[in-house]
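Make a model of the complete structure from these sequences and hints.
Sequences listed follow chains S and P, in order. Just so you know, we're using our numbering here: the first sequence kicks off at 4 and counts up by one. Just so you know, we're using our numbering here: the second sequence kicks off at 328 and counts up by one.
Hints are computed from structural coordinates only; laboratory data are not their basis. Be a bit skeptical, because a hint or two may be false.
[What the hints assert, rightly or not] Here chain S is said to cover these stretches of chain P; the calculated rule only asks that three of the stretch's residues, wherever they fall, bring their Cβ under 8 Å from a Cβ of chain S:
| id | stretch |
| --- | --- |
| 1 | 394-404 |
| 2 | 489-497 |
| 3 | 620-629 |
| 4 | 717-727 |
| 5 | 734-742 |
| 6 | 766-780 |
[What the hints assert, rightly or not] Estimated spans, in silico, between C-beta atoms of each pair:
| id | chain 1 | residue 1 | chain 2 | residue 2 | range |
| --- | --- | --- | --- | --- | --- |
| 7 | S | F30 | P | N666 | 37 to 45 Å |
| 8 | P | Y641 | S | E149 | 46 to 54 Å |
| 9 | P | A650 | S | D89 | 31 to 39 Å |
| 10 | P | D345 | S | L34 | 39 to 47 Å |
| 11 | P | K546 | S | L34 | 37 to 45 Å |
[Stated by the list, open to error] In silico SDA-like pairs for lysine to any residue, Cα to Cα no more than 25 Å straight-line:
| id | chain 1 | residue 1 | chain 2 | residue 2 |
| --- | --- | --- | --- | --- |
| 12 | P | K706 | S | W128 |
| 13 | P | K572 | P | Q556 |
| 14 | S | K188 | P | P496 |
| 15 | S | K60 | P | G596 |
| 16 | S | K133 | P | Q733 |
| 17 | P | K607 | P | G596 |
Just so it is clear, the structure is predicted and the values come from calculations on it, not from any experiment. Virtual Cβ for every residue (Gly too), placed ideally from N, Cα, C.
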Amino acid sequence: MTTETNNDKPCGCDHTPEPKKTSRRDFLLLLGFGLNAIAGAMIGIPLIGYLLSTFFKSYPLQWISLGPVTKFPEGATRLASYLNPDHREWDGQTAEIPCWVRRIQENDFQVFAINCTHLGCPVRWFEESKLFMCPCHGGAFYENGEHAAGPPPRGLYEYPFKVENNELFIQGGILPTLANPMDDKKPRH
Amino acid sequence: MNGKALIQALNGVYEWVDKRLHVTDLFNHTAGHPIPKSSASWFYVFGSATLLCFMIQLLTGCLLALVYVPSAAEAYTTLEYLTFRQELGWFLRATHYWGSNFMVGIMLIHVTQVFLFGAYKYPREITWMSGVVLMLLTLGLAFTGQVMRFDEDAYWGLGIGAAIAGRSPMIGQQVVNFMLGGPIIASETLSRFFTLHVFVLPGSVLALVALHLRMVLTKGINEYPKPGQIVRKETYDKEYATIIKKEGIPFFPHGIWKDLVAASIVIGGILFCVLMFGPKGPLGEPNPTQIDTVPRPDFFFLWIFAIAALMPDYMETFMLLVAPPIIIGLLFILPFINNTGEKSWRRRPIAVLSVILIYLALGLLTYLGQTSPWSPDMKAWSGAETPREFVEGRSPLELQGLAVLQNKQCRNCHAIDGIGGHRGPDLADVGTRLTKDQLVRQIIQGGGNMPAYGKNLSPYETDALVAYMVSLHPRGEQPARDSAVPATPAPMSVQEGEQHAAVGAH
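Below you can see the structure in the form of structure tokens.
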């Protein structure tokens, strides 16, 4: 304020302020800016780190049990679910993640994510027509997860699985999307 | 103390306050600022009506937050508590829901009016650009608001959002994790959207509204455009100053009454919907394992839902990720593409045509999103009836075929006479369109967006199914035939057959 008033009311003579004084003022202004920039960075960088922490974290797939293989009759496809291995106590119902388990024979399985590869809606299994159908945009998939009809760009996402001591394990814990499909199937196009 | 002395005393107090707070000055520069007489028009009430809706949203939102708990484990319970147990909770939820619908709707009218009246042109570029940002923020509020109603639609809506984010090139997975607050939809996802809906977006709206209104004060409200009145950078400011000088009226009290009437109509409209329709949802619980669900977005996003179904799939990622920034960018820089010239819509046929086209497209897409004919009807195979004329008079083989048609869930996608899904063509007259051979091929191999049923039907089932489908043609209309095969004499129609049978019986 004082500076402004001084500038507004020049001394009335043509005398310019001494350069020495101006440079001191400039220096202090710069110092003020500089100190605040440093202080701002010291607070700001951790804030950004906190906000973007998910950006730099990787979420590796984890082995999760789906229970004994006897739960799944041969030649059939059944809905199963697992507890998100990374769940929080306050996740409530959202911690329970569904998937489709197809037991072809003995220890030969296919475990599909529930999410349609088009836009993630939950696909439903129709035993009689042996099709997975999506309620959102009409995507359909065959029994083996391959694309059958509609807009999905690829077949159903498939969890890696293993059978140990007659127990079925899948590698999961993420929401599969085209960016992270869990399997290495190629898109149709 | 007599009246005169009282007034004098009050005046004294006012002057004392005014000397310190400069309220008269503030009033003259804000509510009392002069506007062109022509701008005190019914067309100019939509901006203040949108702001009114936002105020209602702030108020009801704060009150809802007294009870609502933004945790994946608790949100649904608190929504039910608000709706059924908390005194007047249903009223608050309904007012917030309908307030948001009115806000988006009135905002769209405001944008359209401003566009048609050329108000974005010189010198009101920043007014328009801040308005575009406000529009995006409002749509963002509407979208994140859907998530606050944490039910099955909210859960799967987040899944759709993640699927779209997962289509981003290179950093798709990082964007998904950032959006969800982790690798999967969970409590942190809800907390993120809560933060956006309750802190970030409303705060940004307030800041942008301040800028928007500041521009209205510094550059003035657009005068009611007359055809032939051309905006030129060199002369416009002077012309506007003349208008204000010649026929300016203070916004308060002479210009505001129409806004006040409009405000009461808006409040009445919201109240009407609240009392008639009540709050929306919540639908089923946000339980991912309950997959018997048909996720749908709220009304204002149905058109996007429809685009996602109708786009050819090779351009889908482009339409979802590249087109929106281009469209928003074009809207944003509109004042620089078209800065001067005619303002009146009567002399701007392309502007009028664009508005008609855009609303026609949005309206049609919304209608399609509402009916979503591309979605299979998941219950048709067990629930849809077959009209009598499609059963009557069929041979045992054909009836077997009908049973196959029903059991194999064909009707989830194919209606018979309008009953059933509409994903594929109606089968009521399929016998006139496809020959027996074509039907066999179509069923076994699929194609044209139909799955192949070859592995899933026994030869006997296929025979029966095709026999039934060949019989599906209107009375008197012949079944389709292969053009390479010479025509045989037309078979008797059912009616003729009945006549013959009747004659034979005598």
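Quick rundown of the hints versus the structure:
no., hint, verdict
1, 394-404, "holds (count 5)"
2, 489-497, "holds (count 7)"
3, 620-629, "holds (count 3)"
4, 717-727, "violated (count 0)"
5, 734-742, "holds (count 6)"
6, 766-780, "holds (count 6)"
7, S:F30 x P:N666: 37 to 45 Å, "holds (44 Å)"
8, P:Y641 x S:E149: 46 to 54 Å, "violated (19 Å)"
9, P:A650 x S:D89: 31 to 39 Å, "holds (34 Å)"
10, P:D345 x S:L34: 39 to 47 Å, "holds (41 Å)"
11, P:K546 x S:L34: 37 to 45 Å, "holds (39 Å)"
12, P:K706 x S:W128, "holds (12 Å)"
13, P:K572 x P:Q556, "holds (18 Å)"
14, S:K188 x P:P496, "holds (17 Å)"
15, S:K60 x P:G596, "violated (48 Å)"
16, S:K133 x P:Q733, "holds (14 Å)"
17, P:K607 x P:G596, "holds (16 Å)"
In the structure shown, a violation is registered for the earlier hints numbered 4, 8 and 15, in ascending order.
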